[in-house]
Amino acid sequence: MVKVILDNVSKFFGKVKAVVDLNLRIGDGEFVALLGPSGCGKTTTLLMVAGIYKPTRGKILFDDKDVTKLPPRDRNVGMVFQSYALYPHMSVYDNIAFPLRLKKVPRNEIDRKVKQVAKLLRIEELLHRKPSQLSGGQQQRVALGRALVKEPDVLLLDEPLSNLDAKLRVVMRAELKRLQKELKITTIYVTHDQVEAMSMADRIAVMNAGKLQQYAPPTELYNKPANLFVAGFIGAPPMNFIEGLIKEINGEYYFDSEYFKLKLVNEIGEMIASKTSETIMGFRPENAKIILEEKPNTIQGKVYVVEPLGKDIIVNIKIGDMIVKILTRPGAELTPGQNIWLQLDMKKIHFFEKQTGKAII
Amino acid sequence: MALKISRKMLPWIFLAPMLMMIIFSWIAPVLLTVYLGFTDLSSKNFLDFIRNFFTENVHLTLENFEKIFFAKDPYVVEALTITAIYVVSVLSINAIFALVLSIAIAYFVRNEIVSMLLRVSWLIPRIMPGIIYALVWNWFIDPKYGLLNTLLKFAGVPEALLPESWLLSPPYSQILMIVVNGYVGASFGMIIYTAAIKSIPTDIINAALVDGASDFQIARHIIVPLLKWPMLFVISWQTLSLLSSYEYILMIWGSGGGGGYAGIARAAKVMVWSLYSYSKAFAAEEHLYGYASALSLILVVVGVVLIVTYFKIFGFRRLMEPSRIEV
Amino acid sequence: MRKKFKMPSIGGRTIILNIIKYLLVIIIAVIPLIPVWSMLLWLAVQSFSGRVILGIIPSEVTFKNWRFLWSPIKMGLKEYPNIWPVTLNTLFLALGVTGLVVFVSTLGGYALSRMEFKGRMELMQFIIALHAFPSIILLIALFVILNNLGLYGKGYMTLVGIILIKAGLEIPMATWIIKGFFDAIPWDLEWAALVDGCTRWKAWRTVILPLVLPGIGAISIFSFLSGWSEFLLVFTYVEDEAYYTLPVLIYHMIGEFKFIDWGMLAALGLFFTIPTIIFFSTSQKLLLRIYVGGIKR
Chain A
1008 MVKVILDNVS KFFGKVKAVV DLNLRIGDGE FVALLGPSGC GKTTTLLMVA GIYKPTRGKI
1068 LFDDKDVTKL PPRDRNVGMV FQSYALYPHM SVYDNIAFPL RLKKVPRNEI DRKVKQVAKL
1128 LRIEELLHRK PSQLSGGQQQ RVALGRALVK EPDVLLLDEP LSNLDAKLRV VMRAELKRLQ
1188 KELKITTIYV THDQVEAMSM ADRIAVMNAG KLQQYAPPTE LYNKPANLFV AGFIGAPPMN
1248 FIEGLIKEIN GEYYFDSEYF KLKLVNEIGE MIASKTSETI MGFRPENAKI ILEEKPNTIQ
1308 GKVYVVEPLG KDIIVNIKIG DMIVKILTRP GAELTPGQNI WLQLDMKKIH FFEKQTGKAI
1368 I
Chain B
684 MALKISRKML PWIFLAPMLM MIIFSWIAPV LLTVYLGFTD LSSKNFLDFI RNFFTENVHL
744 TLENFEKIFF AKDPYVVEAL TITAIYVVSV LSINAIFALV LSIAIAYFVR NEIVSMLLRV
804 SWLIPRIMPG IIYALVWNWF IDPKYGLLNT LLKFAGVPEA LLPESWLLSP PYSQILMIVV
864 NGYVGASFGM IIYTAAIKSI PTDIINAALV DGASDFQIAR HIIVPLLKWP MLFVISWQTL
924 SLLSSYEYIL MIWGSGGGGG YAGIARAAKV MVWSLYSYSK AFAAEEHLYG YASALSLILV
984 VVGVVLIVTY FKIFGFRRLM EPSRIEV
Chain C
-19 MRKKFKMPSI GGRTIILNII KYLLVIIIAV IPLIPVWSML LWLAVQSFSG RVILGIIPSE
41 VTFKNWRFLW SPIKMGLKEY PNIWPVTLNT LFLALGVTGL VVFVSTLGGY ALSRMEFKGR
101 MELMQFIIAL HAFPSIILLI ALFVILNNLG LYGKGYMTLV GIILIKAGLE IPMATWIIKG
161 FFDAIPWDLE WAALVDGCTR WKAWRTVILP LVLPGIGAIS IFSFLSGWSE FLLVFTYVED
221 EAYYTLPVLI YHMIGEFKFI DWGMLAALGL FFTIPTIIFF STSQKLLLRI YVGGIKR
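Protein chains in written order, with the numbering used here: chain A, 1008 to 1368; chain B, 684 to 1010; chain C, -19 to 277.
Calculated directly from the structure, the hints in this document are not laboratory data.
Please note that a few of the clues may not be correct.
[As the list claims (entries may be wrong)] Pairs of lysine-lysine, DSBU-like flavour, derived with a Cα cap of 35 Å:
no.	chain 1	residue 1	chain 2	residue 2
1	B	K995	A	K1137
2	C	K58	B	K952
3	A	K1137	B	K911
Construct the entire structure; sequences and hints are all you get.
Written as structure tokens, this is what we have:
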């Protein structure tokens, strides 16, 4: 139930720059996901908040108190590790009771709290078992119980669902989200799965190579990605990217790629042209329609591969020697080699500077 | 023309030299010890025995065991006591002190280089050739030129408590015996325990840190309980080892001029069972080989029983990886 | 419902705990090492010094402690054997043990690792069991056996007998170590050799053997040092001074010169330790692995 602030935090391991100049403000009671590919620095950041790593530079604050120099035991955080890290020689009860025992909480108080947490997580019958006798999902709930029993100010979760099978994962996602809302604990959740992050978090901090790419609520990340990386990382199937130049011809602006020319609305064209002429256009698979006859301002292509998903189908279209993916409902028969035209939703196109990857629109 | 050796035979050709050596150095001697324990072999009938295994000058007898078990040999009880003191004391160093030492070196000390230095230093007594170890200890305890008494005085031990001769006066000689062997034995436990400690997943230690544990609490609640099996292994292995070890004692107490091997050791009350057997065979005037074998045989039997027990308790795999952590 | 973060009073508890922790490390791990370090220091210093003050401070640098290298040592009427033949004896013993151990255990280790035969498991367990078995209580029986084989009291033959015994005692552990090296070689290599036309024997010589060379190196060094340092067997079985090895000579010298000439004793000790130092400084990682891997009291 506290605010967590990372102020210009960096972590270097010798020459390796795991985290670089990270600035993050997490609100009280907020559920924030740290999202990114392996090695992007998200787990390192989490461990710094926990106090297991000390930042090479920068400060970490809980509310407005500087906790950078505090060891983990003084920070009142609860953490669930990816491997669960349950003490193998202790029973479930002892695992959960451990933090309380360390604080010398009286015995009956411990008993009450442990049973309360066990009830919350529905693991009461497991209290006398050893971790090796539990399934993955049960172990995970015990780990969660151990983190929650001390009523932490901050809850840290390091890819807690990645060791579970797909079905259980979906169930637990909803569970965790509900639990967090009920307990109102400030939560930081590390994951590489963007679907998980999108469905659970209030805000997502997308990281890559140690640097923060964008920090925003899920819909904003989806609709207004700040750069190429975020745009390509969020959303499945991923956004399509096409390189091209912005050309002005007779007062009208066009996006000119090798294989087609697309006319742009003047204001948009002007804005982009003022920044740069080399751009990358991006559009999401669900924001383009496949039509069977040529219309103005459409892109011609050939059907390459059709992937039926049941409710939707993904159609891979070859344009020149590029392939873009389109998500659409099953409808007209599409056969490989067939000529079709793509009509893009012009209101939902993105443009990025080719040099920097930053978003212009 | 290459010799056509059948597939079945080939392994045995590779194994033959090894098997022969094992029979020569291990199996034959054990069997022979069993036999000799029941004879009255001594320097008197030795030559006859060599010439003819079944010579009638060597008699089968139960006398040796009578001497041992019915205390007809007055020194047997003392040897037993000294051995018991020796084994229990050195065992506590090897199994328990080594545990504390390992936690200190492998967990409390975070700096890899310092940890390495300490570990290598503790290995030095084990790596040094035995006789050199004996040599430097002889120097160390020397009242005039050695450092022991000086260091102890420096540490505040009153002069009155320091002996004239660490070698000769019990209980100082016994303390010395325990310490000398303890230094070598501690590194055994250290090797096993540090390997075990290093194999504890870091996440578990991190989880304990987050749960609020200090380094001491982690040592007490996490590390020590997880080292149960390695500890059992160290205790078992070292018990057997210590029961029959006497080399360092012989090297230090043997060299003393005058009494030869046995003289000083007995007076200093450091003659453990195995050394007693050795002295009866090689140092006594009459070279009582039969009796000495009987003494040895007790240890052989204990050894075999213990080893079989270990195999049953630990199983083959765990004996292979004594540092494996599991619950 | 909303709690504000309570800043705990740092300083106090954590710092004290840290101090206690490091104090404990020093008391338990460092202080007991003082004797060990001082012993090593003394050995190095005393061997080149006249009288030594306070145990480890040299009073003068001298080489006269090393006189045993060029002149025989006398004590009253007794003249001790010249150092060089004794060194040769020690070398003989060490090399003999090494050769025998390497040969036997390489063959045996390979069979245990990669050949199929009945009783393989049992044999492996037996070899481990030998590890645990205290060998030095077999000295009496071995004495009888040596005599029986005519290897006792016959000058170099006694040393040969000792080589046989010592090698036999080292073989279980050496075999186990080299087996480990064999285990690490992928089967594909051996199969490729067989498919290419080698017999099992040729495959062993040309493909496998080169790959276990580090293992062979390891057990060679190890066997050499063990033969070089062997005391008990020589002490018990060799009566003729001419066939002493260095450890036994040193033993007798300690008894004789203990209160008289620490300088020479130290020099003698240092002289003896030279091979150990050489081997350890050139291959510490390998050797430490062996000592750690082949734990035997």
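Verification of the hints:
no.: 1; hint: K995/B / K1137/A; in the structure: holds, 25 Å
no.: 2; hint: K58/C / K952/B; in the structure: holds, 31 Å
no.: 3; hint: K1137/A / K911/B; in the structure: holds, 16 Å
Of the numbered hints given earlier, the model fails none.
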